[in-house]
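K.L.:
Just so you know, the sequences run in chain order A and B. Heads up: the first sequence at position 109 corresponds to 109 in UniProt numbering, and the numbers run straight through without jumps. Heads up: the second sequence at position 661 corresponds to 661 in UniProt numbering, and the numbers run straight through without jumps.
None of these hints come from the bench; they were simulated from the model. One thing to keep in mind: the hints can contain errors.
[Said to hold, decoys possible] Each computed SDA-like pair below joins lysine to any residue, with the alpha-carbon atoms no more than 25 Å apart:
1) B/LYS700 - A/ALA130
2) B/LYS342 - B/ASP13
3) B/LYS281 - B/GLU435
4) B/LYS700 - A/HIS97
5) B/LYS700 - B/LYS430
6) B/LYS281 - A/THR142
7) B/LYS700 - A/SER94
8) B/LYS792 - B/VAL616
9) B/LYS801 - B/GLN1003
10) B/LYS281 - A/LEU54
11) B/LYS281 - A/SER94
12) B/LYS784 - B/THR698
13) B/LYS801 - B/TYR929
14) B/LYS801 - A/PRO80
15) B/LYS281 - A/GLY186
16) B/LYS281 - A/MET138
17) B/LYS703 - B/VAL1005
18) B/LYS281 - A/ARG55
19) B/LYS505 - B/GLU435
If you're wondering where the values come from, they're calculated on a predicted model, not measured in any experiment.
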Amino acid sequence: MSEPVSALRRARYAGFVTVEEAGLQGMVQIRGDLSSDAFTSAVSDAAGVPMPGLREASLDGRNGLLWMSPDELMLLCPYPEADRAMARLQATLSDTHHLALNVSDARAMFTLQGNGVRDVLAKLAPVDMAPDAFRPGMLRRTRLAQVAAAFWLRSDTQAEVICFRSVAPYMMELLSTAARPGSAVGLHGG
Amino acid sequence: MSMRLPTGGRLTDRSYRMEFTFNGKRMTGYAGDTLASALLANDQLLMGRSFKYHRPRGPVASGAEEPNALVNLGKGDRFEPNQRATTTELFNGLTATSQNHWPSLEADIGALNTHLSRVLPAGFYYKMFMYPRAFWKHVYEPFIRQSAGLGKAPDAESRDADSYEHFYHFTDVLVVGGGVAGLMAAKTAAQSGAKVLLLEQSAHWGGRAPVDGGTIGGQSPEDWTDATLAELQAMPNVTLRSRTMGAGVYDHGYALGYERLTDHAPEAPGPRHRLWRIRAKQIVTATGAIERPLSFAGNDIPGVMLASAMRDYLVNWGVSIGDRTVVVTNNDDAYRTAIALKKAGLDVPAIIDARSYGGGALMAEARAMGIRVEQGRGVAKVLGGKRVTGVAVCNQLGEGAVLDEIACDAVAMSGGWSPVVHLWSHCGGKLDWDEAGAFFRPRAGAAPTDADGKPFVSVAGAADGHMTLAGLLQDAAETGAAAATAAGFDAAQTVAPEAEEVAEKPLEPVWLMPQGARYDLRMKAWLDYQNDVKVSDVQLAAREGYESVEHTKRYTTLGMATDQGKLSNINGLATLSNALGESIPQVGTTTFRPPYTPISMGAIAGEAHGALFQPVRQTPIHAWHEENGAHWEPVGQWRRPYCYPKGEEDHAQAVIREVKAVRQSLGLLDASTLGKIIVKGPDAGRFLDMLYTNMMSTLKPGKCRYGLMCSENGFLIDDGVVARIDEDTFLCHTTTGGAESIHAHMEEWLQTEWWDWQVYTANVTEQFAQIAVVGPKARMLLEKLGGMNVSKEALPFMAWKDGTLGGFPVRVYRISFSGELSYEIATPAGHGRALWDLLCARGAEWNITPYGTEALHVLRAEKGFIMIGDETDGTVIPQDLGLNWAISKKKVDYLGKRAQAWPHMTDPARWKLVGLLTEDSSVLPEGAYAVADGTNANGQRNTQGRVTSTYFSPTLGRGIAMGLVLNGPDRMGEVIEFTHIEGFTVPARIVDPVFYDPEGEKQNV
Chain A
1 MSEPVSALRR ARYAGFVTVE EAGLQGMVQI RGDLSSDAFT SAVSDAAGVP
51 MPGLREASLD GRNGLLWMSP DELMLLCPYP EADRAMARLQ ATLSDTHHLA
101 LNVSDARAMF TLQGNGVRDV LAKLAPVDMA PDAFRPGMLR RTRLAQVAAA
151 FWLRSDTQAE VICFRSVAPY MMELLSTAAR PGSAVGLHGG
Chain B
1 MSMRLPTGGR LTDRSYRMEF TFNGKRMTGY AGDTLASALL ANDQLLMGRS
51 FKYHRPRGPV ASGAEEPNAL VNLGKGDRFE PNQRATTTEL FNGLTATSQN
101 HWPSLEADIG ALNTHLSRVL PAGFYYKMFM YPRAFWKHVY EPFIRQSAGL
151 GKAPDAESRD ADSYEHFYHF TDVLVVGGGV AGLMAAKTAA QSGAKVLLLE
201 QSAHWGGRAP VDGGTIGGQS PEDWTDATLA ELQAMPNVTL RSRTMGAGVY
251 DHGYALGYER LTDHAPEAPG PRHRLWRIRA KQIVTATGAI ERPLSFAGND
301 IPGVMLASAM RDYLVNWGVS IGDRTVVVTN NDDAYRTAIA LKKAGLDVPA
351 IIDARSYGGG ALMAEARAMG IRVEQGRGVA KVLGGKRVTG VAVCNQLGEG
401 AVLDEIACDA VAMSGGWSPV VHLWSHCGGK LDWDEAGAFF RPRAGAAPTD
451 ADGKPFVSVA GAADGHMTLA GLLQDAAETG AAAATAAGFD AAQTVAPEAE
501 EVAEKPLEPV WLMPQGARYD LRMKAWLDYQ NDVKVSDVQL AAREGYESVE
551 HTKRYTTLGM ATDQGKLSNI NGLATLSNAL GESIPQVGTT TFRPPYTPIS
601 MGAIAGEAHG ALFQPVRQTP IHAWHEENGA HWEPVGQWRR PYCYPKGEED
651 HAQAVIREVK AVRQSLGLLD ASTLGKIIVK GPDAGRFLDM LYTNMMSTLK
701 PGKCRYGLMC SENGFLIDDG VVARIDEDTF LCHTTTGGAE SIHAHMEEWL
751 QTEWWDWQVY TANVTEQFAQ IAVVGPKARM LLEKLGGMNV SKEALPFMAW
801 KDGTLGGFPV RVYRISFSGE LSYEIATPAG HGRALWDLLC ARGAEWNITP
851 YGTEALHVLR AEKGFIMIGD ETDGTVIPQD LGLNWAISKK KVDYLGKRAQ
901 AWPHMTDPAR WKLVGLLTED SSVLPEGAYA VADGTNANGQ RNTQGRVTST
951 YFSPTLGRGI AMGLVLNGPD RMGEVIEFTH IEGFTVPARI VDPVFYDPEG
1001 EKQNV
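Whenever a hint applies, use it, and build me the whole structure from the sequences.
P.N.:
So this is what it looks like as structure tokens:
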């Protein structure tokens, strides 16, 4: 069996924030009725984390649930477990109209580490990155410069970004450019 | 001469010298200098030439409003024209050159124009260059381009060496302007707890107040500024940015800030400019006021300067413009300049005050210092050429008869002050004419409004017309508090600190000096210095019927230069209103548009240049293509290999080789970019029946079906193969360019029309690498890899199956876009490159040949398969393409069905798809039209068809084409003529569009 590879094989750049492609990450795209307890409890069980609120990320290590839209969630898990998590969900929801797809290979994930993570993201996304406005556990589906992306904070110094795999090289260059030494804005602890 | 005084200069650090060059001449200045102050300190008063007459020009102002002192700055990749010397901070090694002169700044041939100015009045170009028509392109335009213009365009081959970026910022209150009013407004707003962003365009806080004097709360304005700044810096809810101009105000509280990070230190790391994209709940503009020139003859001669600017050069940079300065004014403020000059030990031979009643306490102070004050007098004209040598004094109420001549080498003028209302006006704030101050000021209750109809811009201080220190501070304190309240905070009622200053007598509006100036004086009285517009030009425009200020602006070019009329606007429209016999508010102002001063193209582009100019989407196999010499074709944002030239091959030869390899043995195509959309749910079949023209609900799981998608207007928008995964689930392939738009199309119908249908969609395009293994040897290769049965029986044409191949998890589709035996293999993207490599290695024995998009096109055209975007252009329906077989007759409805029944759509005269073979086997030109007899109403040749696809077919060894032709399918065998760009026509025979294997035997083996 061939070993799959992530888009950029953990490319890394150390600027005033360290940018790293996070490697393989299990992702299951889920659509369904978020107001249904049966659906949300099945999703929560499959992910092993509580349901996230509106525009939130519910995280526990490599596992998590991301609120993506009023009828869409993204389940995060270790890469090899995505098919199992999907199967578990499909079994529980066999009689419920829903969609669950393993999309682990469709995306790339990046981690940003450093005091200036908010500044780096504020250069690229039209999002209020002030600490009182965007707190760890919150999530935004937005754009970074010219491509669609979602991001959330794990802490005040660590962010995670996902985008489509085809634009991973653009995203790496973009985040690295925004994190270039000497370009810190110094507004949100950069 | 202009020079550095032995002492003074509150902004300069005389312990730090800096070297720079101007027109190659080495000069020195001090840290804290602007380029303008440093040039003046080196007696370089002449800094450029004007646009039209090439008149000698020195600085008339000291800040952003400067129209004259524009220079070429930097060299090579850092060259930039039209940079204002007054806002360019000096740095070590700065190089500047002057603009718009030939052969040199001192001796300029274009200056002859000034002697021709009698025959070059407003509108001259419009009148002169209209006739004869043909002269414009060949004579007039080249001449004008040579003689006009300011700075040089950068070299076309140079590349900006700097980086730029954007920054998104959200705040409760944005305060634009870091003078005392801005500081005061920011402070009262911030005390409520609101987040405040305060922007100051220059490097220094406090604005003009430290130069103009007075006291604030018992402190000097400078000390008060420092103390207030320290207070603001200590507040966590306040963000302060100097060297950041509030450039524009837009709808919904959006504003742009233009931060100049390294203009003053080009070697420093980091971006040069940062564009702040600000969302503010409330915007306070504390943008101050700009002094107006007076319109008298010779007011453009170097050495004539705004009184406030002369004071700035003296106090801020310790620079004098001349030894003997005559002050000309219509208000008390200019007396401050006279007093400051006198105190600095310089000579002030006279103050010419246009007011018969003269000034107040400041006049008394000046007189007490021994300065001669002439009341009710004006300047008839300034004497001198490249610099001032004296002034001729006259009665302000007369025509300009000279009473006296006073020798001097500088003139300080003041025509009063105009509030900077630009940012207030950008988004629709209205103005009122203030009779007492003779200026436009923001109209109370007519602020720009937000989505709820509530005001979101307010004005503080001098920008609001409050011209006294006490008045502007109180106004700013109240405005800041009100802005915080409007942003949802509880701002305490704030009282500004007490401010003391001397009482002033009212200004008297003076729009022309002397008021009855003769024509020869009026035609030397400048309004717009940069574009050379004079009082006489605006009066001429009025006489010629230009009543609207907007039309006059464009006819005379008043205010159209890079300074956008910051100095000339009010004087110009007052002149126009006098000429028209209307009041100033009746004439009104021209439109204020952002940015306040020009911002760099780099700042607008932000990071989007070089590698980040545009995202390039890459398939998982992209790197292999790159390593193997692919010639790229952009397809949407993807890059796809067009072909893979080998050795000395050109592209055409490579395509021929690739096509032949597919037909004869084995080809390999990266098809990952094709759209893949999952449609799932109990109503999925019903939904797809509506989206596609043919029936999808009857498709059996495990099978594939080709389908067409139309817009509700009937036009073909996409095509592709649909695979049924299980009872509830379909996978729809789309074209490469259609993946996102078709997914959006599906969601739109689901969300707006069929919201009660149980269907979910997901775009999984990027989850899979998809590789087409194509050619007679395709099955042998897959069998060699092993892992699943790919025989005709196990996996027949138009079926799909999950399994493994060579250890890879795959889904294999037996579909063909080439007419050959073909398998499209989908594997998770993370395996894509490895699977491709394996196929290449194992396929070597059959000379496996990767092929690009051009071979793909040729292969499909040989088979008569249509291509969205070639055979379709948004006006073509499936029936035009002979695709009736793919349109269900049984279905009650599908998107486009009703439109396709319109009379126009069923018109038998619609052009229809046929094949075309040239009589001489040549390749028809792309897009060529088939000509018909006669001409249309426009005298153009009638047409009866056009080429949609045309290629050289390596398989047939000749040109093949498809096209849409009038009654085409009924005219088989007929020869029609196609246009050729070189003027002749090419005969081509109408044939069936399927050129290769019409029975479809090859793909079904």
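K.L.:
Decide, hint by hint, whether the structure agrees.
P.N.:
Outcome of the hint check:
1. Straight-line distance between C-alpha atoms of B/LYS700 and A/ALA130 comes to about 54 Å, which puts the hinted pair past the 25 Å bound.
2. Distance check on the hinted pair: B/LYS342 and B/ASP13 sit about 24 Å apart at the alpha-carbon level, within 25 Å; holds.
3. Note on B/LYS281 and B/GLU435: the hinted pairing is violated, with a Cα-Cα distance of about 33 Å set against a maximum of 25 Å.
4. Taking the CA atoms of B/LYS700 and A/HIS97, the gap is near 21 Å; set against the 25 Å cutoff, the hint holds.
5. This hinted pair does not check out: B/LYS700 and B/LYS430 have alpha carbons roughly 68 Å apart, beyond 25 Å.
6. Simply put, B/LYS281 and A/THR142 have alpha-carbon atoms about 21 Å apart, close enough for the 25 Å limit, and the pair holds.
7. Only pairs whose Cα atoms come within 25 Å are accepted, and B/LYS700 paired with A/SER94 is accepted, the gap being roughly 21 Å.
8. The straight-line distance between the Cα atoms of B/LYS792 and B/VAL616 is roughly 39 Å, outside the 25 Å bound, and the hint therefore fails.
9. Between B/LYS801 and B/GLN1003 the alpha-carbon distance is near 17 Å, which keeps this suggested pair within the 25 Å criterion.
10. Distance hint between B/LYS281 and A/LEU54 is fulfilled; the C-alpha atoms sit about 24 Å from each other, no more than 25 Å.
11. Under the criterion of a C-alpha separation no larger than 25 Å, the hint pairing B/LYS281 with A/SER94 is inconsistent with the structure, at around 49 Å.
12. For the proposed pair B/LYS784 and B/THR698, the alpha carbon gap of about 35 Å is over 25 Å, so the pair is violated.
13. With a C-alpha separation of about 45 Å, the suggested pairing of B/LYS801 with B/TYR929 is violated against the 25 Å cut-off.
14. The suggested pairing of B/LYS801 with A/PRO80 holds, with an alpha-carbon distance near 23 Å, which does not exceed 25 Å.
15. Note on B/LYS281 and A/GLY186: the hinted pairing holds, with a Cα-Cα distance of about 22 Å set against a maximum of 25 Å.
16. Between B/LYS281 and A/MET138, the direct Cα distance comes to roughly 22 Å. Compliance with the 25 Å bound is thereby established for this hinted pair.
17. At most 25 Å may separate the alpha-carbon atoms for a hinted pair to count; B/LYS703 and B/VAL1005 meet this at roughly 17 Å.
18. Between B/LYS281 and A/ARG55 the alpha-carbon distance is near 22 Å, which keeps this suggested pair within the 25 Å criterion.
19. Between B/LYS505 and B/GLU435 the alpha-carbon distance is near 14 Å, which keeps this suggested pair within the 25 Å criterion.
In this structure, the earlier hints numbered 1, 3, 5, 8, 11, 12, 13 are contradicted, and the remaining ones agree with it.
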